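Novice: Construct all of the structure, not just a fragment, from the sequences and the given hints.
2 protein chains.
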Amino acid sequence: MTLPPNDLGEYLRRQIPLAAAMDVSVEAADAAGVRLRAPLPPNVNHHGTVFGGSISALALLTAWTALHLRLDAEAIPSELVIQRNSVEYLRPVADVLEAFCAAPPAPDWERFVSTLRRRGRARLVVRAELLSAGELVATFQGSFVATRSEGESLVAGG
Amino acid sequence: MTLPPNDLGEYLRRQIPLAAAMDVSVEAADAAGVRLRAPLPPNVNHHGTVFGGSISALALLTAWTALHLRLDAEAIPSELVIQRNSVEYLRPVADVLEAFCAAPPAPDWERFVSTLRRRGRARLVVRAELLSAGELVATFQGSFVATRSEGESLVAGG
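Order-wise, the sequence lines are chains A and B. Mind the numbering: the first sequence is residues 1 to 158 in the working numbering, read in order. Mind the numbering: the second sequence is residues 159 to 316 in the working numbering, read in order.
The set of hints was computed from the structure by calculation and includes no laboratory data. Computed from a predicted model, the values in this text were never measured in an experiment. Each hint should be verified, as a subset may be incorrect.
[Said to hold, decoys possible] Looking from chain B toward chain A, a few residues come up when the C-beta cut is under 7 Å (computed):
{"id": "1", "residue": "204"}
{"id": "2", "residue": "210"}
{"id": "3", "residue": "211"}
{"id": "4", "residue": "212"}
{"id": "5", "residue": "243"}
{"id": "6", "residue": "303"}
[What the hints assert, rightly or not] Covered by chain B, per the in silico footprint, the following chain A stretches (three or more residues, Cβ under 8 Å):
{"id": "7", "stretch": "35–47"}
{"id": "8", "stretch": "74–88"}
Ideal placement from N, C-alpha and C gives every residue a C-beta, glycine not left out.
Specialist: Have a look at this one:
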């Protein structure tokens, strides 16, 4: 599944005002995963580096987007909510921040989709990496719960 | 230590643009702890509830502010950074979001301050509660590291 990054970015910024405030853009959204980025100025803190809250929010948005697009590609309309997450902040970020969430390993994904189809509800743990200037700056792990719904899909209904 | 909430809110919104974008305000900042709030509209997601990234960011900002004000009251100029955090999202939030970070237990605080004075660096784990419409909606735990500096204090230098 590949989406035009501009359309997806526009969708995220329109649906989630904080994504617009953070000036989030989409670098890539394809079978390998989702890569979002956010520039320093709207995300800066009093040290001149990226605010931890922006790091955490960008990672969460990236992981959520990666899962949502994959669920959409499976044609399973669902609501996807974050249940818990943890972030490790490895170093200060003084440049553009990127978050990458790789497609989950196939066995995890298949179990998740199969449980969701069978029970109408399933949980998946997703990891994301935060990068800046070629370095790993933070790591994110989030546990998401999907619940089947009759809602419109992200791609078609966005 | 008690600060005029308006001054503190203005300081946070000026230093951290994301706090302004989230329309964060200060409900209280006194010996009991720090309470910040953020309204729904700038923090909404596509479900009409508060975006998880806003919940996480408000909690982090509240915990950071509570620690920073206490360090300031101890007259220990220091840089305070987040090292890791975890958030549990208990229920969707469809109203104003509040985060409260209580003053740390006295023994923990005394050990933290004593280590910081002695070694120039100390770590403290801080908890915050997220509330909305009288209910607990999420919990936050963050591990912060303080490093002594010759910087201006938050209160005097803001």
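Novice: Could you check the structure against the hints above and give me the numbers of any it violates, in ascending order?
Specialist: 6
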